[in-house]
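*Asks:* For reference, the chains in residue letters:
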Amino acid sequence: MVSAFCFKYFSTKCALLIYFKSIFVFFIINSNMLIRLYYFIFLLSFWIADAANVNAQVNSKSTVGNVVRIGQNVEFTINAPEPFYVGGNVFVLHIGQLSTDRYRQTDVDGKGTLTFIIPENQYSHLKEGMSIYLSYGVFWTEEATDDDVLDACKSSPDKAKYLGKLTGQMLHK
Amino acid sequence: MTFNKTIFWGFACTILLVCTQYNYGIAQSTPDPGLPGTYVVAKDTFDLGELAYKPDSFPNFVELRGSVHYPASLTGGPFPVIVLLHGRHTTTYKTSTPGTTALSWPPAAGYQSIISFDGYDYFARTMASHGYIVISVSANAINAADASLSDRGMNARGQLVQKHLDMWNGYNTVGGAPFGTKFVGKLDMKRIGTMGHSRGGEGVVYNALLNKSLGSPYGIKAVLTLAPVDFYRKKLNGIPLLNIAPYCDGDVSDMQGVHFYDDTRYNDATDTAPKHSVLIMGANHNYFNTVWTPGSYIAGGSDDWGSTTDPFCSVAKLGNGRLDTTKQKAAFNAYGSAFFRMYVGGDTSFAPILEVDDIYPPVSSKLDTTQVYISYHPGKNKRRDINRIDTLVNTSINTLSGAVTSKGLFSSSICGGGLTIPLCNVSTALAKEPHRGTATIKGLAQMSLRWNNDTDYYQNEIPVAYQNTTMYQSLSFRTTVNYKETTPVGRDLDFTVQLIDSNGKSSTQVVSNYSGALFYQPGTQFNILPKTMFNTVKIPLIKFKGIDQSKLKYVRFLFNKPDSGSILVTDIALVGNVKPCGIIDAKFKDSLDKSYTVYFSDSTIKNAQDSLVWKWKFGDLASGASDSSILQHPSHKFSGPGSFNVCLYVFAYRTTGLVCKDTFCKTIVLVPNSIHEQNLSYLNIIPNPAQNYIIVNGVLSGDQFELRNLYGQTVLKVVNIQDRIDIPNNLANGVYIAVIHTKQGSSVQKVILER
Numbered sequence: 001m002v003s004a005f006c007f008k009y010f011s012t013k014c015a016l017l018i019y020f021k022s023i024f025v026f027f028i029i030n031s032n033m034l035i036r037l038y039y040f041i042f043l044l045s046f047w048i049a050d051a052a053n054v055n056a057q058v059n060s061k062s063t064v065g066n067v068v069r070i071g072q073n074v075e076f077t078i079n080a081p082e083p084f085y086v087g088g089n090v091f092v093l094h095i096g097q098l099s100t101d102r103y104r105q106t107d108v109d110g111k112g113t114l115t116f117i118i119p120e121n122q123y124s125h126l127k128e129g130m131s132i133y134l135s136y137g138v139f140w141t142e143e144a145t146d147d148d149v150l151d152a153c154k155s156s157p158d159k160a161k162y163l164g165k166l167t168g169q170m171l172h173k
Numbered sequence: 174m175t176f177n178k179t180i181f182w183g184f185a186c187t188i189l190l191v192c193t194q195y196n197y198g199i200a201q202s203t204p205d206p207g208l209p210g211t212y213v214v215a216k217d218t219f220d221l222g223e224l225a226y227k228p229d230s231f232p233n234f235v236e237l238r239g240s241v242h243y244p245a246s247l248t249g250g251p252f253p254v255i256v257l258l259h260g261r262h263t264t265t266y267k268t269s270t271p272g273t274t275a276l277s278w279p280p281a282a283g284y285q286s287i288i289s290f291d292g293y294d295y296f297a298r299t300m301a302s303h304g305y306i307v308i309s310v311s312a313n314a315i316n317a318a319d320a321s322l323s324d325r326g327m328n329a330r331g332q333l334v335q336k337h338l339d340m341w342n343g344y345n346t347v348g349g350a351p352f353g354t355k356f357v358g359k360l361d362m363k364r365i366g367t368m369g370h371s372r373g374g375e376g377v378v379y380n381a382l383l384n385k386s387l388g389s390p391y392g393i394k395a396v397l398t399l400a401p402v403d404f405y406r407k408k409l410n411g412i413p414l415l416n417i418a419p420y421c422d423g424d425v426s427d428m429q430g431v432h433f434y435d436d437t438r439y440n441d442a443t444d445t446a447p448k449h450s451v452l453i454m455g456a457n458h459n460y461f462n463t464v465w466t467p468g469s470y471i472a473g474g475s476d477d478w479g480s481t482t483d484p485f486c487s488v489a490k491l492g493n494g495r496l497d498t499t500k501q502k503a504a505f506n507a508y509g510s511a512f513f514r515m516y517v518g519g520d521t522s523f524a525p526i527l528e529v530d531d532i533y534p535p536v537s538s539k540l541d542t543t544q545v546y547i548s549y550h551p552g553k554n555k556r557r558d559i560n561r562i563d564t565l566v567n568t569s570i571n572t573l574s575g576a577v578t579s580k581g582l583f584s585s586s587i588c589g590g591g592l593t594i595p596l597c598n599v600s601t602a603l604a605k606e607p608h609r610g611t612a613t614i615k616g617l618a619q620m621s622l623r624w625n626n627d628t629d630y631y632q633n634e635i636p637v638a639y640q641n642t643t644m645y646q647s648l649s650f651r652t653t654v655n656y657k658e659t660t661p662v663g664r665d666l667d668f669t670v671q672l673i674d675s676n677g678k679s680s681t682q683v684v685s686n687y688s689g690a691l692f693y694q695p696g697t698q699f700n701i702l703p704k705t706m707f708n709t710v711k712i713p714l715i716k717f718k719g720i721d722q723s724k725l726k727y728v729r730f731l732f733n734k735p736d737s738g739s740i741l742v743t744d745i746a747l748v749g750n751v752k753p754c755g756i757i758d759a760k761f762k763d764s765l766d767k768s769y770t771v772y773f774s775d776s777t778i779k780n781a782q783d784s785l786v787w788k789w790k791f792g793d794l795a796s797g798a799s800d801s802s803i804l805q806h807p808s809h810k811f812s813g814p815g816s817f818n819v820c821l822y823v824f825a826y827r828t829t830g831l832v833c834k835d836t837f838c839k840t841i842v843l844v845p846n847s848i849h850e851q852n853l854s855y856l857n858i859i860p861n862p863a864q865n866y867i868i869v870n871g872v873l874s875g876d877q878f879e880l881r882n883l884y885g886q887t888v889l890k891v892v893n894i895q896d897r898i899d900i901p902n903n904l905a906n907g908v909y910i911a912v913i914h915t916k917q918g919s920s921v922q923k924v925i926l927e928r
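Protein chains in written order, with our numbering: chain A, 1 to 173; chain B, 174 to 928.
Incorrect hints may have been included.
[Claimed, not checked] Each pair of labels, with its calculated beta carbon distance range:
id, chain 1, residue 1, chain 2, residue 2, range
1, B, Asp220, A, Glu142, 46 to 54 Å
2, B, Asp339, A, Leu98, 36 to 44 Å
3, A, Gly96, B, Leu221, 43 to 51 Å
4, A, Asn66, B, Val536, 52 to 60 Å
In case anyone wonders, no lab produced these hints; they're calculated from the structure. Every value quoted in this text rests on a predicted model; they were computed, and no experiment measured them. Ideal placement from N, C-alpha and C gives every residue a C-beta, glycine not left out.
Please work from the sequences and hints to get the whole structure.
*Replies:* Here it is in structure tokens:
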């Protein structure tokens with residue numbers, strides 16, 4: 001899938017993919033049957049994985065960024081080195097029992113930012129040490145325990161990520 | 174040798190593929206809606222500017238841009254109109270490195286817009302080839318800025334579609350740039366269908382509600398939501414709706430769009446608009462749009478099913494159930510075309526597909542029967558609800574006030590959300606429950622039935638008043654396997670439907686002969702799969718041989734297939750192509766003269782636009798050809814004394830054909846010595862049936878009472894009626910004729926003696 005795309009729209013990443021695939025093809029042609037078979041299986045697995053061109057909605061490198069008070073709100077920022085997914089569903093920030101899906105989504109210079117807007121009177125009820133999660137869509141109720149949510153994050157890392165604990169510094173900014 | 178092996182394995186695989194298809198007993202031949210039509214198609218694009226329109230509800234200006242597909246010759250119009258609205262997707266890409274995208278509007282320097290509206294061209298071509306004008310609308314500006322809005326841009330999407338309808342109404346009436354007069358008189362603005370994908374799905378629902386609120390300036394006849402979000406749970410009644418849910422949706426992974434179907438079922442008691450839901454197994458969110466499909470467009474495409482570990486939805490897993498991009502588009506193309514051509518174009522030949530009478534997918538959809546499942550909720554005028562399973566009371570009393578009983582069930586309970594019904598889902602399993610409610614919004618109330626013995630059953634009684642079911646064609650219900658209580662994991666289920674009439678005769682049909690809905694829904698992705706997606710099972714009543722359909726007393730689910738399992742059930746109903754309107758009310762009064770001639774008078778009140786047809790059957794076979802009549806108020810000279818079952822059938826026709834029918838039957842008894850009867854309706858005999866006495870209400874001093882048997886013999890006579898008339902013990906049970914002689918005349922009434 002990616003290769004077909006590459007032939008149509010050139011990019012450095014695509015060029016590297018084509019280069020490595022060409023090397024494999026060269027070895028297959030110039031090897032004995034057993035080696036060819038191994039290469040074939042390896043290449044097949046490569047192509048199958050490649051064909052997916054999957055896209056995780058929650059970036060695995062997401063981190064908590066700035067937390068600032070602006071007027072009656074606290075703006076709680078999540079950063080990622082790539083743009084966040086743009087789709088139908090919503091990102092949800094969970095801190096303790098607080099869940100919010102009100103945010104601005106921006107991507108500048110290839111980096112993604114989600115800025116969640118939390119009313120001050122809600123944010124002030126949060127406590128240091130509460131767990132912070134980011135999910136794409138709503139996956140758990142308030143009844144879910146921390147262990148439940150951690151399981152969800154581990155099992156579907158493309159949909160939910162644990163971002164650490166709420167620190168005193170974040171809380172009192 | 175190699176050639177022979179190839180042939181062998183090819184043959185073996187072919188046999189295997191053929192044999193793994195379900196073989197249902199209701200194969201029908203329905204036209205294929207996905208095939209191209211006869212019109213040559215042309216396409217134009219239009220672009221009135223990136224910041225050409227300011228919706229009231231949106232902070233920014235938005236673009237007025239899109240494409241139009243149409244029959245190239247434009248002769249023979251006006252043509253019905255379809256409007257397509259894409260969903261939320263990244264909006265621009267960097268021209269020098271298309272892999273770099275940016276969510277902004279208008280495009281920054283060095284960036285170009287992503288033309289999401291172009292992604293449904295394959296569908297637009299199909300529809301235009303059948304004589305539709307298809308307009309696809311760009312909504313990038315809304316996508317770029319809706320994240321922080323409290324309505325997520327839904328009002329703006331509704332207004333944007335309305336703005337395009339206004340624009341095209343202008344092109345249709347006076348013309349204008351960039352089309353000049355090309356489309357003047359070519360669009361039928363009273364026959365419009367709208368389709369929205371993802372956030373566009375909720376957007377077209379908002380638009381239909383907006384159009385209604387404006388007095389319906391445009392005739393929106395059908396709304397299709399494709400893998401939609403439903404954040405705000407707006408209810409659209411009165412317009413046929415189709416929701417398409419892709420099972421491997423990695424974006425809207427809780428498939429929340431099914432609420433558009435669920436929430437509107439019983440929301441409006443007068444709603445005659447049907448609702449449909451199509452579940453496509455193996456389809457993801459993005460591949461319906463070619464611009465969002467990797468390899469088909471320069472930037473931004475992806476497979477939204479991000480996980481690589483699920484055995485069914487992850488393409489990385491060998492033997493997965495995913496559809497490739499071609500199949501996924503073909504599936505939407507076929508079902509979308511069927512829906513719009515039926516409800517916008519009026520072509521009812523596709524009804525069997527959408528109404529679950531023909532569960533074989535159209536060939537052009539490239540699906541088999543294990544890859545597509547449909548729910549169908551007929552309009553009010555085409556169904557009689559037996560048990561909506563809509564409140565907690567429905568565990569013991571159904572919608573018809575009949576008793577709900579069971580035998581041996583391990584458990585039976587109702588869940589579904591809302592303030593009075595407990596939630597079905599808990600903790601982290603929300604995305605597995607697309608039909609779910611919340612603490613404050615009711616979801617799909619559903620009955621959980623768990624059995625562990627093959628004699629267990631669940632039964633709904635039909636009260637006497639509703640037992641005549643001859644005007645209905647099918648028994649229908651929605652169901653799914655309850656994966657939480659079914660072992661072993663992955664086990665498909667089945668059960669038997671048993672209908673029992675009031676004479677005690679019964680007949681059975683096995684669900685799996687009509688539907689594959691009781692399959693264990695696949696996948697193991699933690700907190701997302703498997704799901705409980707309900708699908709309709711519909712069994713023709715004619716298949717239940719040997720029962721009297723005019724006296725249907727019980728609908729029983731007999732769990733005698735696998736001897737243990739758990740299912741969820743809702744929406745148990747009788748469904749028909751024609752149902753009494755409620756306005757047509759076939760009843761008649763009759764009067765008698767001394768020569769056994771009875772004068773009948775029908776009291777049906779009809780709709781103004783209907784024309785009525787009457788058909789009488791007097792139940793007097795001895796009278797030969799005169800035993801029937803097509804007059805509204807006929808008379809019939811009966812062949813002699815006796816008991817006759819007289820039936821009146823009333824049919825209502827509109828320009829579209831038969832819309833309603835109703836039946837009324839009454840037994841009349843003619844005694845040998847006929848009495849000229851007066852209409853003395855104030856005379857009333859109670860109790861009736863009687864045991865040892867009767868009381869005649871309304872009599873005056875001096876009135877006389879006479880009781881005759883069916884041979885006309887007087888068996889009891891009372892000269893001066895007192896409060897109570899005792900009935901002699903020697904009178905046998907049966908029908909008698911009571912004659913009450915008053916100064917105003919005589920009244921004849923039937924009395925049943927039953928002791």
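*Asks:* Hint compliance check: list the failing hint numbers for this structure, sorted ascending.
*Replies:* none
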